[in-house]
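If you want the building blocks of each chain, they are given just below.
There are 2 protein chains.
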Amino acid sequence: MPKSPEDTMPTSGRHEMPFTRIEIVVLSVIEGRLGVLLGRRAQAPYQGRWALPGGVLRIDQDKDLDAAARRVGIERLGVELPYLRQLTAIGGRSRDPRAPWTLSVIYRALVPFEAIDPNPGKRLEALKWVAADEAAADARLAFDHAERIGGALEVTRGEIDRLELPFEFLPQAFTLGELQACCEAMLGRHLDKSSFRRRLDERNLLEAVEGQMRTGAFRPAQLYRRRCP
Amino acid sequence: MPKSPEDTMPTSGRHEMPFTRIEIVVLSVIEGRLGVLLGRRAQAPYQGRWALPGGVLRIDQDKDLDAAARRVGIERLGVELPYLRQLTAIGGRSRDPRAPWTLSVIYRALVPFEAIDPNPGKRLEALKWVAADEAAADARLAFDHAERIGGALEVTRGEIDRLELPFEFLPQAFTLGELQACCEAMLGRHLDKSSFRRRLDERNLLEAVEGQMRTGAFRPAQLYRRRCP
DNA sequence: TCAAAAGTGTTTGGGTTACACCCATGG
DNA sequence: CCATGGGTGTAACCCAAACACTTTTGA
Numbered sequence: 001m002p003k004s005p006e007d008t009m010p011t012s013g014r015h016e017m018p019f020t021r022i023e024i025v026v027l028s029v030i031e032g033r034l035g036v037l038l039g040r041r042a043q044a045p046y047q048g049r050w051a052l053p054g055g056v057l058r059i060d061q062d063k064d065l066d067a068a069a070r071r072v073g074i075e076r077l078g079v080e081l082p083y084l085r086q087l088t089a090i091g092g093r094s095r096d097p098r099a100p101w102t103l104s105v106i107y108r109a110l111v112p113f114e115a116i117d118p119n120p121g122k123r124l125e126a127l128k129w130v131a132a133d134e135a136a137a138d139a140r141l142a143f144d145h146a147e148r149i150g151g152a153l154e155v156t157r158g159e160i161d162r163l164e165l166p167f168e169f170l171p172q173a174f175t176l177g178e179l180q181a182c183c184e185a186m187l188g189r190h191l192d193k194s195s196f197r198r199r200l201d202e203r204n205l206l207e208a209v210e211g212q213m214r215t216g217a218f219r220p221a222q223l224y225r226r227r228c229p
Numbered sequence: 001m002p003k004s005p006e007d008t009m010p011t012s013g014r015h016e017m018p019f020t021r022i023e024i025v026v027l028s029v030i031e032g033r034l035g036v037l038l039g040r041r042a043q044a045p046y047q048g049r050w051a052l053p054g055g056v057l058r059i060d061q062d063k064d065l066d067a068a069a070r071r072v073g074i075e076r077l078g079v080e081l082p083y084l085r086q087l088t089a090i091g092g093r094s095r096d097p098r099a100p101w102t103l104s105v106i107y108r109a110l111v112p113f114e115a116i117d118p119n120p121g122k123r124l125e126a127l128k129w130v131a132a133d134e135a136a137a138d139a140r141l142a143f144d145h146a147e148r149i150g151g152a153l154e155v156t157r158g159e160i161d162r163l164e165l166p167f168e169f170l171p172q173a174f175t176l177g178e179l180q181a182c183c184e185a186m187l188g189r190h191l192d193k194s195s196f197r198r199r200l201d202e203r204n205l206l207e208a209v210e211g212q213m214r215t216g217a218f219r220p221a222q223l224y225r226r227r228c229p
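In order, the protein sequence lines correspond to chains C and G. By this note's numbering, the letter at position 174 of the first sequence is numbered 174, and the numbering carries on one by one without gaps. By this note's numbering, the letter at position 161 of the second sequence is numbered 161, and the numbering carries on one by one without gaps.
Heads up, some of the hints might be wrong.
What the hints assert, rightly or not - These stretches of chain C come out as covered by chain G in the derived footprint (C-beta under 8 Å, 3 or more residues): (1) 45–58; (2) 93–103.
Stated by the list, open to error - Heads up, incomplete: computed chain G residues facing chain C, CB under 7 Å, no partners named: (3) 15; (4) 16; (5) 18; (6) 20; (7) 56; (8) 59; (9) 65; (10) 93; (11) 205.
Note that these hints are calculated values from the structure, not bench results. Predicted model only: the values in this text are computed from it and were never measured. The beta carbon of each residue, even a glycine, is placed where N, CA and C say it ideally should be.
Turn these sequences into a full structure, and let the hints guide you.
Structure below.
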């Protein structure tokens, strides 16, 4: 049987390969609302516009796609990004005028907003936090990034709805009130306290951190952490 | 502000780009069961093993990723693939010994099994249909393809559960019984007739094709098609 | 004694399953 | 008449939302 092309001489040198990038939808909770991190583009294309932070895939450095996303987070934002998840890949001819064909793998992350310095030195661009829902509807963003943000919001809210909680984003130990407030901020709507807590312990997601309390003016709240397994 | 690398000289020639491929999990319903299409590998690596059909991304031919998947379907299987959906991308260093770094974008398709000729001439390899659930658990498949099949099954069954129906896979007009049998085959479990139909028309998914019937030995069945928008 | 934290309880509803049962129809 | 297609009705269930309420606690 005759051989198919990529089996006979299958090195990547045989065909031109796409300009391959990682873009990251970095989310955070800021003042009770979900925000997304954008960077201002210093060069064409879309010079001066706001865009998702991203970077080129480096096959000499990156073990796999997830590692590439972690590296891009560290290089461009100076932080190890938690709650990282691949969302989708998009690729096509006219997505980015810098290359004839560009493939972007989109990731989502969730970080405490204080962890990112919006005025970093070195090779980092100016960054800002923007209300996520507004960014998702903002047609002025560079490339197709508004759409990507919308997709990330949908996926992320679905996770919270299903109580797939962002433990890597939360502090080691947290109160139920903090957890609920965090979920409410991400969903953009109010949750019923008792229903929320019932769901939590039906699923055995949390365990109390014994003896620990956190001080308020009144009764201190029990601290919890993720149940191990 | 100094520029970041991909803004200063961002052509894809600056860094080596990954060997980029499309792999397709082609599903079909065969004798009431869900099957997946595998091709036997003629060359190393994994010579003689069964693998998902796939092909190299051709940036000179493919307008975008979806177009690439369609082209690969036509070139390798000889068919326009319906119900095509991107599932995920996986990339890494040691996935495929033919290249230092390989990125695969995985697609799912659903075709009538008769549409594919398992003994094609030309550049096509030997193909066979395998029970999907068994393939997903078969560690002998090439690369990480068993895992990919598992992912495709999960996504596809989720769609059926939510009544996102494979209209492109069904005939133009079909009876409710056919539709239910198709869904049952894909889910691998029985569905209650009356509940299934109630859900269908609560959602207004179908419209009757007037005057049309299909003959059986008994009362003929009403034909339906997808409600337009 | 106050106000937040934690927990209890009940009602309500949506959506789904499972099952029983009806009528219609063409051979 | 029979087996299938189409349809009605209903009880049960799960899950979650909504709301009201009690108890605990530290300042």
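Tested hints:
no. : hint   : result
1   : 45–58  : holds (count 4)
2   : 93–103 : holds (count 6)
3   : 15     : 6 Å, holds
4   : 16     : 5 Å, holds
5   : 18     : 5 Å, holds
6   : 20     : 5 Å, holds
7   : 56     : 5 Å, holds
8   : 59     : 4 Å, holds
9   : 65     : 4 Å, holds
10  : 93     : 6 Å, holds
11  : 205    : 22 Å, violated
When the structure is compared with the earlier hints, a violation turns up for hint 11 alone.
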